[in-house]
Amino acid sequence: MAVAFEKEPILNLPAKPTMRPEEVARIFSCSKMHVYHLVEEGSLEKALDIKSVLCRKPAIRILTESVREFVERRRI
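Take 129 as the starting number for the sequence shown in the working numbering and just add one per residue.
The hints are simulated quantities; they were obtained by calculation from the structure and are not laboratory data. Take these hints with a grain of salt, some might be off.
[As the list claims (entries may be wrong)] Dumping the calculated SDA-like pairs for lysine to any residue here, alpha-carbon to alpha-carbon at most 25 Å:
hint, residue 1, residue 2
1, K144, E197
2, K144, Y164
3, K174, S159
All chains should be modelled from the sequences, with the hints used to inform the complete structure.
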């Protein structure tokens, strides 16, 4: 008799549509720069650039669903 197993969610992601790179880095246990590289290569989808007069570089937000899909693609 075959038993069907449901995939359990790997991550407990926040219930908000976007995340800051720092939040994603904490979840992935990596550096913030690595998250920026993942966005640049297209592995994570950027939601928007937040430009500010006070910031030298624009701040970005990453789609929470993109983080979930990234993990699912790499799940064995």
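Hints and how they fare:
no.: 1; hint: K144 / E197; result: 15 Å, holds
no.: 2; hint: K144 / Y164; result: 20 Å, holds
no.: 3; hint: K174 / S159; result: 17 Å, holds
Going down the numbered hints, you'll see the structure goes against none, and every one checks out.
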